[in-house]
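Protein chains: 4
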Amino acid sequence: MSVTLADAKRMIEAGEKKAAEIGQPMNIAVADAGGNIVAHVRMDGAWIGSIDISQKKAYTSRAFDITTKDLAEHSQSGNQFFGIHASNNGKIMIFAGGVPLKKEGQVVGAVGVSGGSGEQDHTVAEAAATAF
Amino acid sequence: MSVTLADAKRMIEAGEKKAAEIGQPMNIAVADAGGNIVAHVRMDGAWIGSIDISQKKAYTSRAFDITTKDLAEHSQSGNQFFGIHASNNGKIMIFAGGVPLKKEGQVVGAVGVSGGSGEQDHTVAEAAATAF
Amino acid sequence: MSVTLADAKRMIEAGEKKAAEIGQPMNIAVADAGGNIVAHVRMDGAWIGSIDISQKKAYTSRAFDITTKDLAEHSQSGNQFFGIHASNNGKIMIFAGGVPLKKEGQVVGAVGVSGGSGEQDHTVAEAAATAF
Amino acid sequence: MSVTLADAKRMIEAGEKKAAEIGQPMNIAVADAGGNIVAHVRMDGAWIGSIDISQKKAYTSRAFDITTKDLAEHSQSGNQFFGIHASNNGKIMIFAGGVPLKKEGQVVGAVGVSGGSGEQDHTVAEAAATAF
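From first to last, the protein sequence lines are chains A, B, C and D. Here my numbering is used: the first residue of the first sequence is 1, the next is one more, and so on. Here my numbering is used: the first residue of the second sequence is 1, the next is one more, and so on. Here my numbering is used: the first residue of the third sequence is 1, the next is one more, and so on. Here my numbering is used: the first residue of the fourth sequence is 1, the next is one more, and so on.
So that you can see chain A by itself, here it is in the shape it has in the complex:
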């Protein structure tokens, strides 16, 4: 398996720690190489609308092997991927918070974070990914 549950828990713990530092409760999800969720947590007080978003940011980031922060740029009106959010039966999130996980140059999974500003979400996702 590309990303084990032990990996996911370690990453989520790192993400929770960063979120606590920032003072913004988050939803944090980890997906494996198949884009399928390995684990998810909603920190106490985090937005309920972000449960779905965190899981889908993880999927999206693995689905296209890109941060959703970068995908966001390509997906604005007028840009090359505008409209991509309508694909994959509603599973594509085009705003910051999704970060791919790499092992030996290969993308083997992704982290998705939602619960604050785009910048906060991305920061927490990076912290989680670093623990991989």
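Wrong hints could be hidden among the right ones.
As the list claims (entries may be wrong) - Looking from chain D toward chain A, a few residues come up when the C-beta cut is under 8 Å (computed):
#, residue
1, R42
2, D44
3, I48
4, I94
To be verified - Listed below are the simulated BS3-like cross-link pairs for lysine-lysine, each with C-alpha atoms no more than 27 Å apart in a straight line:
#, chain 1, residue 1, chain 2, residue 2
5, D, K91, C, K91
6, B, K103, D, K102
7, A, K9, D, K9
8, A, K102, A, K91
9, C, K91, C, K103
10, C, K17, B, K17
11, D, K103, B, K102
12, D, K17, A, K17
13, B, K91, A, K91
14, C, K91, B, K91
15, B, K17, C, K9
16, B, K103, D, K103
17, A, K17, A, K103
18, C, K17, B, K9
19, A, K9, D, K17
20, D, K91, A, K91
21, D, K103, D, K9
The set of hints was computed from the structure by calculation and includes no laboratory data. All C-beta atoms in this analysis are idealised placements derived from N, C-alpha and C, irrespective of residue type, glycine included.
Chains B, C and D: place on chain A using the hints.
What follows is chains B, C and D alone, placed relative to chain A:
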């Protein structure tokens, strides 16, 4: 329970009164802390397309603890949450009319209104929320 | 309009009263001639899964001008309408609790109730419909 | 909050332990009073089709305050809730593995487990719920 049916009826009554003043029939919905609908009314002559919208504005406003008027700004092309309307399986409304309900600093529910202009919807939602 | 908001509120009040008598909190919804919801309430403590069901029982009952209790019989495996629940994009409920509203021999709307046993739901829906 | 993240993690740990004893890797999810997911894990080797199922069993069990094992009986062809799986936009699971969480006689959340036979899923869900 965060928002009782008695609370919801009182808020809806206040919303109906404001809508009558404005002269624009509305759909008015109230959600609880879990984002689940407590009550909904469609005033005589109000748009049938707004039944769904009012209920989803209430959900959205609780899901992200924000007015949908403010969420609208963040969700325009080029802004940090552009694409958020594709999340939560079609339940996210990103235009004015949703207002969170607060009790002791905590968001414990939301009102959603639809049936007129964005400004009218927001005004009626505020009137309903004030009755909480 | 086939069913006014005043009609719907009067019916819902009658339904709430019957549900209180039975001692089972209910979701009660009223639809008009177009199958569109006029009003809905969730009594304190009623199942959150029944919000959707009550609204869809009202739709279903008007959609086919039949109680959902009777539709249930036709919709069991082996019977003539088995599979009808897969139609109308998930809006068809095939168990008791939906009752059509008649005016001068014409069906002009419906009540949908969910929150207890099929028998309880049907009893409360009948009580609400009688107030029409 | 009805079910904290700490509660959810403790329950999931208990569920993982029971699943390991049985020798069947599982997906385990916990929902709060609003039916919204608090945490989810997929044990290494567990079915990817069960990610969604475990989360929806938790929702269902809270939505109707019942084990999905009991709901299954009511939902077979010929019984009072046959067709309930068509409600709630695809979120209703009508087979064993969902167990409500009670606090002082009130249902305040639920556990959902998927990955093995119905009996195995229910056993692991019970073990997780007991840790609440």
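Each hint, compared with the structure:
1. R42: holds, 5 Å
2. D44: holds, 5 Å
3. I48: holds, 4 Å
4. I94: Since chain A brings no Cβ nearer than about 22 Å to I94 (chain D), farther than 8 Å, the hint is violated.
5. D:K91 / C:K91: Between K91 (chain D) and K91 (chain C) the Cα gap is close to 13 Å, so the pair holds against 27 Å.
6. B:K103 / D:K102: Roughly 25 Å separates the two Cα atoms, so the pair holds.
7. A:K9 / D:K9: Cα-Cα ~11 Å, so holds.
8. A:K102 / A:K91: OK: K102 (chain A) and K91 (chain A) at ~21 Å, within 27 Å.
9. C:K91 / C:K103: Roughly 24 Å between the alpha carbons, so the hint for K91 (chain C) and K103 (chain C) holds.
10. C:K17 / B:K17: holds, 25 Å
11. D:K103 / B:K102: holds, 25 Å
12. D:K17 / A:K17: holds, 25 Å
13. B:K91 / A:K91: holds, 13 Å
14. C:K91 / B:K91: Holds, because 16 Å separates the two Cα atoms, which is no more than 27 Å.
15. B:K17 / C:K9: OK: K17 (chain B) and K9 (chain C) at ~16 Å, within 27 Å.
16. B:K103 / D:K103: holds, 23 Å
17. A:K17 / A:K103: holds, 23 Å
18. C:K17 / B:K9: Holds - the C-alpha atoms of K9 (chain B) and K17 (chain C) are around 16 Å apart, at most 27 Å.
19. A:K9 / D:K17: holds, 16 Å
20. D:K91 / A:K91: Given that 27 Å is the threshold and the Cα spacing comes to 16 Å, the pair holds.
21. D:K103 / D:K9: The hint holds at about 17 Å.
Checked against the numbered hints given earlier, the structure breaks only hint 4 and satisfies all the rest.
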